[in-house]
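J.: Please construct the entire structure, taking both the sequences and the accompanying hints into account.
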Amino acid sequence: MATLEIHDLHVSVEAENGPREILRGVDLTVKQGETHAIMGPNGSGKSTLAYSLAGHPKYTITGGTVTLDGEDVLEMSVDERARAGLFLAMQYPVEVPGVSVSNFLRTAATAIRGEAPKLRTWVKEVKEAMERLHIDPAFAERNVNEGFSGGEKKRHEILQLELLKPKVAILDETDSGLDVDALRIVSDGVNRVRENGEVGTLLITHYTRILRYIKPDHVHVFAGGRIAESGGPELADKLEEEGYEAYVKGGRAA
Amino acid sequence: MAEAQNIPAGSTTTGAIAVAAESTVATRMSAPPSFDVADFPVPHGREEEWRFTPLERLRGLHDGTATPNGGVKAEVSAPDGVTVETVGRDDSRLGRAGVPVDRVAAQAYSSFEKATVVTVPKETVLEEPIRLSVQGQGGVSYGHTVFELGAFAEAVVVIDHVGDAVRAANVEYLLGDGAKLTVVSVQDWDDTAVHCAQHSALVGRDATFKSVVVTFGGDLVRLHPRVNYAGPGGEAELYGLYFTDNGQHQEHRLLVDHEAPNCRSNVVYKGALQGEDAHAVWIGDVVIRASALGTDTYELNRNLVLTDGARVDSVPNLEIETGEIVGAGHASATGRFDDEQLFYLMARGVPEKEARRLVVRGFFAELVQQIGLPDLQERLIAKIEEELEESVA
Numbered sequence: 001m002a003t004l005e006i007h008d009l010h011v012s013v014e015a016e017n018g019p020r021e022i023l024r025g026v027d028l029t030v031k032q033g034e035t036h037a038i039m040g041p042n043g044s045g046k047s048t049l050a051y052s053l054a055g056h057p058k059y060t061i062t063g064g065t066v067t068l069d070g071e072d073v074l075e076m077s078v079d080e081r082a083r084a085g086l087f088l089a090m091q092y093p094v095e096v097p098g099v100s101v102s103n104f105l106r107t108a109a110t111a112i113r114g115e116a117p118k119l120r121t122w123v124k125e126v127k128e129a130m131e132r133l134h135i136d137p138a139f140a141e142r143n144v145n146e147g148f149s150g151g152e153k154k155r156h157e158i159l160q161l162e163l164l165k166p167k168v169a170i171l172d173e174t175d176s177g178l179d180v181d182a183l184r185i186v187s188d189g190v191n192r193v194r195e196n197g198e199v200g201t202l203l204i205t206h207y208t209r210i211l212r213y214i215k216p217d218h219v220h221v222f223a224g225g226r227i228a229e230s231g232g233p234e235l236a237d238k239l240e241e242e243g244y245e246a247y248v249k250g251g252r253a254a
Numbered sequence: 001m002a003e004a005q006n007i008p009a010g011s012t013t014t015g016a017i018a019v020a021a022e023s024t025v026a027t028r029m030s031a032p033p034s035f036d037v038a039d040f041p042v043p044h045g046r047e048e049e050w051r052f053t054p055l056e057r058l059r060g061l062h063d064g065t066a067t068p069n070g071g072v073k074a075e076v077s078a079p080d081g082v083t084v085e086t087v088g089r090d091d092s093r094l095g096r097a098g099v100p101v102d103r104v105a106a107q108a109y110s111s112f113e114k115a116t117v118v119t120v121p122k123e124t125v126l127e128e129p130i131r132l133s134v135q136g137q138g139g140v141s142y143g144h145t146v147f148e149l150g151a152f153a154e155a156v157v158v159i160d161h162v163g164d165a166v167r168a169a170n171v172e173y174l175l176g177d178g179a180k181l182t183v184v185s186v187q188d189w190d191d192t193a194v195h196c197a198q199h200s201a202l203v204g205r206d207a208t209f210k211s212v213v214v215t216f217g218g219d220l221v222r223l224h225p226r227v228n229y230a231g232p233g234g235e236a237e238l239y240g241l242y243f244t245d246n247g248q249h250q251e252h253r254l255l256v257d258h259e260a261p262n263c264r265s266n267v268v269y270k271g272a273l274q275g276e277d278a279h280a281v282w283i284g285d286v287v288i289r290a291s292a293l294g295t296d297t298y299e300l301n302r303n304l305v306l307t308d309g310a311r312v313d314s315v316p317n318l319e320i321e322t323g324e325i326v327g328a329g330h331a332s333a334t335g336r337f338d339d340e341q342l343f344y345l346m347a348r349g350v351p352e353k354e355a356r357r358l359v360v361r362g363f364f365a366e367l368v369q370q371i372g373l374p375d376l377q378e379r380l381i382a383k384i385e386e387e388l389e390e391s392v393a
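Line order of the protein sequences matches chains A and B.
Just so you know, we're using my numbering here: the first sequence kicks off at 1 and counts up by one.
Just so you know, we're using my numbering here: the second sequence kicks off at 1 and counts up by one.
These aren't lab readings, by the way, just hints derived from the structure by calculation.
Any given hint could be a false lead.
As the list claims (entries may be wrong) - Derived DEER-like restraints, expressed as beta-carbon distance ranges:
| hint | chain 1 | residue 1 | chain 2 | residue 2 | range |
| --- | --- | --- | --- | --- | --- |
| 1 | A | Pro19 | B | Arg51 | 42 to 50 Å |
| 2 | A | Leu119 | B | Thr192 | 43 to 51 Å |
| 3 | A | Glu131 | B | Met29 | 41 to 49 Å |
| 4 | A | Ser77 | B | Asp375 | 33 to 41 Å |
| 5 | A | Gly231 | B | Glu366 | 52 to 60 Å |
| 6 | B | Gln137 | A | Ile61 | 54 to 62 Å |
| 7 | B | Arg57 | A | Pro19 | 55 to 63 Å |
| 8 | B | Gln135 | A | Ser77 | 54 to 62 Å |
| 9 | B | Pro54 | A | Ser77 | 49 to 57 Å |
| 10 | B | Gly231 | A | Glu131 | 38 to 46 Å |
| 11 | B | Pro54 | A | Glu131 | 53 to 61 Å |
| 12 | B | Glu366 | A | Ser77 | 38 to 46 Å |
| 13 | B | Arg51 | A | Gly243 | 55 to 63 Å |
| 14 | A | Thr65 | B | Gly329 | 53 to 61 Å |
Unchecked claim - Below 20 Å or equal to it, Euclidean Cα-Cα: the simulated DMTMM-like pairs (lysine to aspartate or glutamate) are:
| hint | chain 1 | residue 1 | chain 2 | residue 2 |
| --- | --- | --- | --- | --- |
| 15 | A | Lys167 | A | Glu34 |
| 16 | A | Lys167 | A | Glu80 |
| 17 | B | Lys353 | A | Glu115 |
| 18 | A | Lys153 | A | Glu115 |
| 19 | A | Lys58 | B | Asp313 |
| 20 | B | Lys353 | A | Glu95 |
| 21 | B | Lys353 | A | Glu80 |
| 22 | A | Lys58 | B | Glu75 |
| 23 | A | Lys58 | B | Asp338 |
The beta-carbon is built from N, C-alpha and C at its ideal position, and this holds for glycine as well.
T.: Written out as structure tokens, the structure is:
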């Protein structure tokens, strides 16, 4: 069973006056089939956690360990992490001029699966996945994320999630900037992937709204660069009512 | 995450559409066109037409100090029905498609000893390309070549430049009425070569001219592809592809001069740059004169900067003296392949090398398809991959 284990993770970024520590000892275990929601105020380090796990060069790991099924994730390059089964749905997906969505998806699937998918079944697979996410077929010929609306970018991220079938999916504020209809379409996509029970999901969000569509098993409150409190779905209800106020103060004092 | 930066530091992308104002195309030249080198002052580098060019790397082509000493081996192979002649300076068929517009082109015209004239008789449709191979042997040379197609003739010309040379040349393309000529000029020089050339096309009535300029090599390459129309109904497509590496200076200065009515032109140049002090310059001038009613023209330049340290200067310029036209437009954009794109592709499992290749291939793909010559397309893609292999780590 696939397990992502994060232990005492410390991460810094280069700031004007030297390195600034953003993550201050994160401990978290995500098992296959589980959904963990990570909630927290702006600037608490949620996105830093997501990008550090994916290996973004901007972030320096200064301490701790991350393993996926016992393998040292921090030793892997960005592409190796993806091939090992980590997937990051980005908050701000990047435009890649000159590369069509269809070419991009096939190249990614080939890299992740270790061989090029058979053309006939692949075309069908992509077409069906796009239909489920209400993505216009014409998108296949557009350049990756170029001129996409916010909602289109997020649906394109979830399309990749469905096609690449990772062991652990990190969804970084996939809900931000989506209207209710788009949120439902995107959530349905995530739920389809979760239903097969083979993916561990780390759902990073600022708002509780998405948790009405994607039910987490565990909810963690992120503050001051670490997990300040963990609980079940009821913790999200508490946050809905009380907000992050208590954690922001507590996080800074800690 | 930072958004992709659209204009890298140190690049200029300025455009101008001048309507019935004084021609900037004319005023930016330091002297009127002339066959005689003495009519041009020696450039000092601050002139508009020379300000992007590192004169000290021209190896004396611009100031009269580059003395010819052989330098290249040129071979023409042509299918049956084509006449290939070596002629003297006084041959009346030389100098008809265009007059040298800068001192180096005039130096070439004033200095060549023998010219090559390649003639495709009227109504002759060639199945195989005419090939001109220019092999640099080191040293200085001046050249002059004329390709002339009679009325309704059709031909493809492929010109290959390889080796090391200091070379200045003029190439003329004369298209009779209804003729169709596709010219591919590949600058695949060693990275030590210096090459300046003016390509002058005179497009006959209802004739079709397609130029494909491909520049990979050279220490300094500076080309002037130019088109004039001898009658109405002519069509010109000018395509260019360059891949500018460490320390290379590759400059393409185009002019399409619409004087005859109902002519069409389409310009698409795309370049990728990588490495320290890679410098690409693109000047795209289109002039629509008062007499050129019904003109339809568009020009586009796109640059993809793959690494830090490279510089692009892209200057589209459109001058319109009549409003009675079908269309006129231009666009220029320079974008970076940045770390965020690389991260995004790698985060989907794509290895770094392949990620770069994907982006660069995609960037050139549309242009390569437009060229419409399958052999050349494959060769270009292979060459682009080769350039990427040599890419900085």
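J.: Taking the hints in turn, state whether each one holds.
T.: Hint by hint, here is what the structure shows:
1. A:Pro19 and B:Arg51 have their C-beta atoms about 43 Å apart, which keeps the hinted 42 to 50 Å range intact.
2. Checked against the hint of 43 to 51 Å, the pair A:Leu119 and B:Thr192 passes, with Cβ atoms roughly 45 Å apart.
3. Under the hint 41 to 49 Å, the C-beta atoms of A:Glu131 and B:Met29, about 59 Å apart, miss the expected range.
4. The given range of 33 to 41 Å is respected by A:Ser77 and B:Asp375, whose C-beta atoms sit roughly 38 Å from each other.
5. In this structure the supplied range 52 to 60 Å holds for A:Gly231 paired with B:Glu366, their Cβ-Cβ distance being about 53 Å.
6. Checking the proposed 54 to 62 Å range against B:Gln137 and A:Ile61 shows it holds: the Cβ atoms sit about 56 Å from each other.
7. Checked against the hint of 55 to 63 Å, the pair B:Arg57 and A:Pro19 fails, with Cβ atoms roughly 43 Å apart.
8. A hinted range of 54 to 62 Å for the beta carbons of B:Gln135 and A:Ser77 is inconsistent with their spacing of about 43 Å.
9. Between B:Pro54 and A:Ser77 the beta carbon distance is about 39 Å. The supplied range of 49 to 57 Å is therefore violated.
10. Against the hinted window of 38 to 46 Å, the Cβ-Cβ separation of B:Gly231 and A:Glu131 comes to about 54 Å, which falls outside the hint.
11. The supplied range of 53 to 61 Å is met by B:Pro54 and A:Glu131, whose beta-carbon atoms lie about 56 Å from each other.
12. Here the CB-CB span from B:Glu366 to A:Ser77 is close to 31 Å, at odds with the stated 38 to 46 Å.
13. For the pair B:Arg51 and A:Gly243, the beta carbons lie near 60 Å from each other, so the given range of 55 to 63 Å is met.
14. The beta-carbon spacing between A:Thr65 and B:Gly329, approximately 57 Å, falls within the hinted interval of 53 to 61 Å.
15. Of the pairs offered as hints, the one joining A:Lys167 and A:Glu34 holds, with about 11 Å between alpha carbons and a cut-off of 20 Å not exceeded.
16. Restraint check for A:Lys167 and A:Glu80: satisfied, since their Cα atoms lie roughly 13 Å apart, inside the 20 Å limit.
17. About 17 Å separates the Cα atoms of B:Lys353 and A:Glu115, which keeps this hinted pair within 20 Å; it holds.
18. About 26 Å separates the Cα atoms of A:Lys153 and A:Glu115, which puts this hinted pair outside 20 Å; it is violated.
19. Distance restraint check for A:Lys58 and B:Asp313: the Cα-Cα separation of roughly 30 Å exceeds the 20 Å cut-off, and the hinted pair is therefore not satisfied.
20. Proposed proximity of B:Lys353 and A:Glu95 is supported: the alpha carbons are some 18 Å apart, at most 20 Å.
21. Distance restraint check for B:Lys353 and A:Glu80: the Cα-Cα separation of roughly 13 Å lies within the 20 Å cut-off, and the hinted pair is therefore satisfied.
22. Taken as a hint, the A:Lys58 and B:Glu75 pair is broken in the structure, with Cα atoms around 54 Å apart against an allowance of 20 Å.
23. The straight-line distance between the Cα atoms of A:Lys58 and B:Asp338 is roughly 13 Å, inside the 20 Å bound, and the hint therefore holds.
Hint check: violations occur at hints 3, 7, 8, 9, 10, 12, 18, 19, 22; the rest are consistent with the structure.
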